[in-house]
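Protein chains in written order, with the working numbering: chain B, 3 to 338; chain C, 69 to 350; chain Y, 13 to 588; chain R, 65 to 583.
Just to be clear, a hint being listed does not mean it is correct.
No more than 27 Å apart at the CA atoms, straight line, and that leaves these computed lysine-lysine pairs for DSSO-like [said to hold, decoys possible]:
hint : chain 1 : residue 1 : chain 2 : residue 2
1    : C       : Lys128    : R       : Lys317
2    : Y       : Lys415    : C       : Lys348
3    : C       : Lys243    : Y       : Lys456
4    : R       : Lys398    : C       : Lys320
5    : Y       : Lys477    : Y       : Lys456
6    : R       : Lys372    : C       : Lys320
Facing chain B, according to a computed beta carbon distance under 10 Å, are these residues of chain C, among others [stated by the list, open to error]:
hint : residue
7    : Leu198
8    : His262
9    : Leu264
10   : Asp286
11   : Leu297
12   : Gly315
13   : Asn340
14   : Leu346
Since the hints were derived computationally from the structure, they do not count as laboratory data.
Please read all numbers here as calculations on a predicted model, not as lab measurements.
Built from N, CA and C at the ideal position, the CB exists for glycine as well.
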Amino acid sequence: MSKAYLNYAAKRLVQAIVVILLAYVFTFVVVSILPGDPITNVLNNPQNGFTPDEIKEIIAAQGLDKPIPVQLWTSFSGFVTGDLGLSMRTNRPVSTLIAEVLPSTLVLASAGLVVALLLSAVIAYGTQFLPKRFGQGLLRGFPSLFLSVPNFVIGLVLIHLFGFQLGVFRVIEPDSFWATLFAAIALGIPISAQIAEVLIANLDHESGQEYAAVARGRGLGQMRLFAKHLLKPSSLPVITVIALTIGELLGGSLITETVFGRTGLGSLVQRSVSTQDLPVLQAVVSLAAVVFVIVNLIADLTYPLLDPRVKLLGAPERRPTTADEGSIGISKAVTP
Amino acid sequence: MTLASASSASHVAAISRLTALRLPPIVALSFAIVALAIAWSLAPSLFTSYDPVNGVPAQKLLGPSAAHWFGTDHLGRDLYTRVVYGTASSVASALIAVVIGVVAGGLIGLLAGFFGGWVDTLFARLVDVLLAIPKFLLAVIVVTAIGFDTTNAAIATGVSAVALFARVMRSEVIKTRQATFVESSFLLGGSRWHILWRHVLPNASRSVLPLAVLQFGDSILVIASLAFLGYGDPPPASDWGLLISIGKDYLKWPWLVYAPAFVTIATVLSVNRISRWLRKTD
Amino acid sequence: MASQNRLTELFAHTDATGLPLQRSAPLLRVDGLSVSYGPHEVVSNVGFQLGRGKSLALIGESGSGKSTIARAVLRLLPSGGRAAGRVEFDGHEILGLPERRFRPLRGRAIGFVPQDPGNSLNPVRTIGAQAMEAAALVDEPNKAIRKALILETFAQVGLDNLQRVYDSYPHQLSGGMLQRVLIGLAVLPRPSLLVADEPTSALDVTIQKRILDLLSKLQHELEISLLLITHDLAIAAERADSLVVLKDGVVQEAGSTASVFSAPSSAYARKLHADVPALNPDRYRALRDPGFRFLGTKADKAPKIEVSGVTKTFTVDGKVLTAVNEVSFAVPAGTTHALVGESGSGKTTAIRLLLGLEQPDIGNIAVAGEQLAGRSPESLRAVWRHLQLVYQNPFTSLDPTWKVEQLVREPLDRFKIGTREERAEQVREALANVGLGEHLLSRKPEALSGGQRQRVAIARSLVLKPDVIVLDEPTSALDVSVQADIVEVLLSLQAKLGLTYVFVSHDLALVRQLAHTVSVMQRGRIVEHGTVTDIFERPREPYTRSLLESIPSGAAAIARAPHPRPQWFVNEEKIA
Amino acid sequence: EFNPALSADSPHNGGDITFLIDSLGDTWIPNNSAISSFQGHIWGHVTDKLLYVDADGKVSPWIAERWEQNDKATEFTLHLKSGVTFSDGTPLDASAVVANLDIWYAGRKSEGINPIGLFPKTYDHAEAVDAATVKVFFKAPTLGFIPTLGYHGSILISPKTLAQPAAQQADLSKTAGSGPYVVDSWKEGDFVKLVKRKDYNWGPAAVGHTGPAYLDTITYKLVSEPSLRVAAVQSGQADVAYNASPQELESLKAEGFTTATPRYLGFVNGWAVNTKLAPYDDVKVRQALQAGINRQEIIDTVYTSDWKLATSFIQSNVPGATDQSALLAYNPEKAEKLLDEAGWTKGADGIRTKNGQPLVLTLHSNPYLATSKSVDELIAQQLGKIGWKVAIRSYDVVTYGQKVKYGSPAVPAYEVTRSFIDAGTVASILTNANNGENWFALDESDKTLNELRDKIASAGSIESRKPLLDELQKYILDQGYFIPRTQIVQRIYVQSPKLKGEVYNGVAYASYYTATKSE
Ligand SMILES: Nc1ncnc2c1ncn2[C@@H]1O[C@H](COP(=O)(O)OP(=O)(O)OP(=O)(O)O)[C@@H](O)[C@H]1O
Ligand SMILES: Nc1ncnc2c1ncn2[C@@H]1O[C@H](COP(=O)(O)OP(=O)(O)OP(=O)(O)O)[C@@H](O)[C@H]1O
Ligand SMILES: [Mg+2]
Ligand SMILES: [Mg+2]
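Pulled out of the complex, with its shape left as it was, chain B reads as follows (with noise of 0.2 Å):
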């Protein structure tokens, strides 16, 4: 590894770090705009009946009435030390609760992933073999398709199908093979949209290359062109477009537990959200850019020793020469 790389790969360390210090300070800045938390709320409902005195007590015990600098303090060294506190809302350490709901997300997130990448590979690469006029053109309209559909509809129609009119899956139990499977595919579907859409992009490119014309006049047949040339080209910038899809896919988790009744991370936040529970969502979404960021930070760093034509961010710029023109800079379709 070259001593550039290092480099590269430091700075690129450093800036994440500092990201997700910085989202967790954001998180914190725009959920405390709000006045008000879960207990406030509880203690204030009349039908508790407590009174003025009690609610101010309580309050204070729980530190709620210092100004909000000193809890984003208090907050932030538990984070940074990794302490996450306690729930306002469960009253349970805020890491249990994460721990107890992450596995269910991941088995989630990551079947989702597969089926995006599988869905995606299909369109994509159909796109290159089904016959010109009929099948290629249904194929190039999925992704606009699956972009398009909200993915509760989705959920929805594939829990009626499947769960009540097939009975493929037993809706009661979410976390089953089956149910998980329809779960992962109701998530992966908008995001092998945005994959094939990419990947296609890549592969109409590429095959216009002067360097697939000039491979076919070598004697290559449409299969190997595609297996030899083509593929890897055009699938390497989907690694970024896969990183980049991470956030989509705990984001969208947040509504395909919600419609299928998985308990995850994504309904766990749903039940902070509606009752303001800070601690958590704080979690919720540090956690988020944590993985976001690592999994990107791993996608940069391997990038450029997969891809030989990579120049390393941050390499001083140069100004080309006409020598310069027509060599290979890297302008891929990486749509956002």
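On the provided structure of chain B, position chains C, Y and R with the ligands as indicated by the hints.
Leaving out everything else, chains C, Y and R with the ligands in the frame of chain B:
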């Protein structure tokens, strides 16, 4: 005679203009659907004679028919009417989201890309933070912080799109800033601001337009998802996402879900098509 | 004839009917070929023949359909392209052949050398992996032997360091090396026909000559027929036995190189001939020569531009690179000074220093007596009023969102010159000066041709009425005929307005046509300078000499002048 | 060997049921969660109470076999059943009861353990006289103490559990009660699985069974979509769906499923009107509101025939409730007339105005009642016809808690859903005297109401209190202080026909202690 020929001439001109645009039939259909959605939101009363809020309780939960295209809901209201009247808020909120995303994100990207240095570093970290938080989670948190209603959901959706636009704008600006024509304008006496507003902004914005259109479709979905989770306006508002969300409680009467879902899908699909077409023709 | 035997084999197992060999027939025979992309026919009824072991050049301006014909012959037309007519290869019609039966011919019988080496190899695979594909076309089961064959071929095309090349990725090699690799891959399976589509237009002059020499050598050694595509008449004349001149997809003239070259019969071919600078060194003599009188007056007047001892270094990846090294030159008012040199020799950097776009590490630059070093951007603006730049690439130097009128008026607006009406008047005048009509005022650059764009760019610099215009390869992105127009405009403006030019180019033939004085640059240094006559007629440095020798002159064609009747077939009736 | 449990006519033993519920609430700290309408289901099976209150409000012995009080109602003596143990083995004796009473009253606020808000604030202390006798002392007369012991907040928890810090108490599996079931496993936001306690032998006599429960396990599983809960029961994947949508009940019944719509003891669903806020300071406007609502249409449209028309502002099953239907009849003509008299004239757009101000009613849908929004929408239509402009706001639980309060200037009508045990406590809530909640923002201004309140408080017996209560109900409804909508069914159960024998208590919770499931 002359009149007829004049009008047919203009007709021919119109057609030739259309063919000059080379509008594929799918795109034309998409424009038609979007136009219909806009018409629904501007003048809903032209498209239906029913009342969106007051129904006939005795006629609740009727299936689709000639009288009620999309059937009726649990309070005996015509669902088609509710969809039509819900368009304005669905479309307007998506628009708010896009405007927030484009203006805030665009400005951040423009300044970061153009000035570079610490301005860039500062904005880049902010954008990184926004990017690192899953978009939908961010929208949920923001809407929690500012309160649950459709406008706030739109604002939250916009905020969650800021990073995207900032990033695209920044990279476009950097690309444009290094373009030869920018240096050329500099040599011809252009000041920094002149170059920023007259050269960099218009050029960098070109790729932002199709993205904004795409984001419009996406915002409809995100806002619908927020409404679905109950973070939007309450009934009797009839935002599309809300309608689907209410409909899911009455799954015995599936049109309550499928009709608004269909309208949402058709609109978003059309918007996506248009964006794709814009990208291609650019 | 080894390659002939292989051809027979190829057809034997692709063509079940086993047609008898037509030894007498030409190797390639194109007849009535038309190609259209969608509704647009871009090649119409083209015909020509290429004999075994012979070479034929297709020439014509950009967009005339040369590549399209090559692609049609290789059956590699991009999607949407349809070909009609007959293409016979070795006596067999190949246009209508099913892809399955045609494919074995590609590479094995017909090799292809593309135009742009940078984009013609898969960037994410090593050269070796891609070479193996070509080697697979040779009937050789042993992988080690196949690799040896590859390395041998690499040596044959003049590459060094064979194993390194084999293991490299394309971006790790220079354009010239890549083009050698591509030629090697094309000849490795010993095809009987090589189609080379502008194999050198992306390369430096010096490398261009080496590549063309290599092609000629291989053609003779391996008895390959060569279909060479080029827009440069001089190259065609030097390298091909016969020529086909195309314009807008239609054959204008065809015949043996010598006859077409020395006595072009069609107007278009004549213009093509006239526009090649190398063939017409004195074309603009009348416009240029008056400028020489300023050279003598050096003693009385300070030069308009004076660059003395300027050095500029860049630090890239920790390495210090001296782009410009102790460069000095002076340009008297009203004359043209040319900076020539191979790519990367520091020409562009030198003029950026001159314009104040970069600051020199050491040295002084004076324009009209004013020092540039250490000036603020504000005071540089004042200098720029009198000192303007025309860029190499008119496709990137004009803002695509602006209209011509705005583009040309921009400098007036910026420097706040004149009233609205005056500005409009000056815009029209500037456009008229470069020979553009007012109907273009409301167009955007994308609606203009390359030549028109470059004229707009020149008008833009002219509108401020500067004394000095710096031109960085202003025509290298353009066709020869368009180049000739632009050069004419520049020279007549100089004659009319007494402008001073600093002209950067790597095309020495062009420099010879228009410059008064020349500096030859190599690796950041000026190795030789003098008047244009001195440099071109009495070069002192070997480097200058090698540059001069690289200029294609069509000399070979002239040598072959009394040529027997063309033995190839032309659609005579199509040549109006 | 003869086993009575296997004999033909004894109830079927064994079986597992799954109960689908829309939420499992927040914290499980017993004190903080005891009155949550979701967690109440679990506490009802895991814990016992000192007294039992049935669906008709009748109080009967449970862990306390007998009780006495002094004349001033400041000292109470409870006599406990013996042999009762918590599931951690600790005996449920007098000291355990004292520990519970103490923590109900005071909580441990600094640790985040709240007091039970509704426990009498007059509590002084309690003493264990002996293992089976507890004496409770109050600083002032506290008539409500005994009914409070049957209230769903007053669950008995092992003193060992109570001694634990809050974070431990929040882990449900670490909590020990004395109920017929114990927690087998649970996951936050997902499920709670209960298994029966084989040695349980102290059920309330009022339910007709005191031994161990019949069903082996009960699993409370969170499924947040109502339609999914019902569909799961329909397809046999679960046994009980909680809070189904009323629309579906008819067809479910037709399909043979058991539906239950028990009513709790408490106020009906309706509005407490803010009389400080114009125009609701005008009795005529309030009366118009009372007459302008078509309550039958609400039941026909939003609900089913299982819902009952409101006959007063308290549910008709509460002892002491009287029938005031005449005051609640739908009479739009009367309403229009009243509004005309009050100076509200109808404009061209059908909306009434006075001095240029439109007649506006802003409703805040109650987030705890799923059907509340639909009822609001329907009422908006009804009132719209007589010239009211009705705006509907709906907030999530959190925002609702912050923004919507009795007497707040933005809230002309506060939607009540509220249970109580004894009608005698009602009157004191209504005004602001003695820590009252001042529902109608009247303060002390309504002499009639104050007089009735005081008389009810000082009434010596149920009999003498009855006519006073009747008068109170008539007065409040006639004044339009309270606008009833329907009798409230806050808990709707859809149940597989195989499951039988469940019992609903005074707060409408289903107890499966007595239930059996056939194969
Ligand atoms: N894929 C395509 N689709 C449509 N039109 C095309 C396509 N490729 C080329 N053309 C058009 O066909 C004509 C001939 O193009 P071609 O590339 O053969 O010209 P050329 O002589 O090789 O030019 P150059 O010297 O610039 O390479 C041009 O007008 C070009 O615009
Ligand atoms: N801004 C820069 N940073 C680093 N290196 C540079 C920079 N500008 C030029 N160089 C390097 O300086 C050298 C001279 O470049 P320059 O562009 O002046 O050459 P040129 O003679 O104009 O070549 P061409 O004919 O290809 O345009 C090259 O090696 C180039 O890579
Ligand atoms: Mg070409
Ligand atoms: Mg240069």
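Taking the hints in turn, this is what the structure says about them:
Between the alpha carbons of C/Lys128 and R/Lys317 the distance comes to roughly 19 Å, so the proposed pair stays at or under 27 Å and holds. Only pairs whose Cα atoms come within 27 Å are accepted, and Y/Lys415 paired with C/Lys348 is accepted, the gap being roughly 22 Å. Using a Cα cut-off of 27 Å, the hinted pair C/Lys243 and Y/Lys456 holds, with the two alpha carbons roughly 20 Å apart. Taking the CA atoms of R/Lys398 and C/Lys320, the gap is about 40 Å. The hint is violated against a cut of 27 Å.
Distance hint between Y/Lys477 and Y/Lys456 is fulfilled; the C-alpha atoms sit about 24 Å from each other, no more than 27 Å. Distance restraint check for R/Lys372 and C/Lys320: the Cα-Cα separation of roughly 25 Å lies within the 27 Å cut-off, and the hinted pair is therefore satisfied. For C/Leu198, the shortest C-beta to C-beta distance to chain B is roughly 8 Å, which falls under 10 Å, so the interface hint holds. Proximity of C/His262 to chain B is violated relative to the hint, the smallest CB-CB distance being about 23 Å (cut-off 10 Å).
At about 20 Å, the closest approach between the beta carbon of C/Leu264 and any beta carbon in chain B exceeds 10 Å, and the interface hint on this residue is violated. Hint status for C/Asp286 relative to chain B: holds, with the closest Cβ pair at about 8 Å, below 10 Å. The interface hint given for C/Leu297 is met, as the beta carbon of that residue sits about 7 Å from the closest beta carbon of chain B, less than 10 Å. For C/Gly315, the interface hint holds, the least distance from its beta-carbon to any beta-carbon of chain B being 9 Å, beneath 10 Å.
Because the smallest distance between the Cβ of C/Asn340 and any Cβ of chain B comes to about 4 Å, under 10 Å, the interface hint for this residue holds. At its closest, the beta carbon of C/Leu346 sits 13 Å from a beta carbon of chain B; the interface hint therefore is violated under the 10 Å criterion.
Of the hints listed earlier, those the structure fails to meet are numbers 4, 8, 9 and 14, in rising order.
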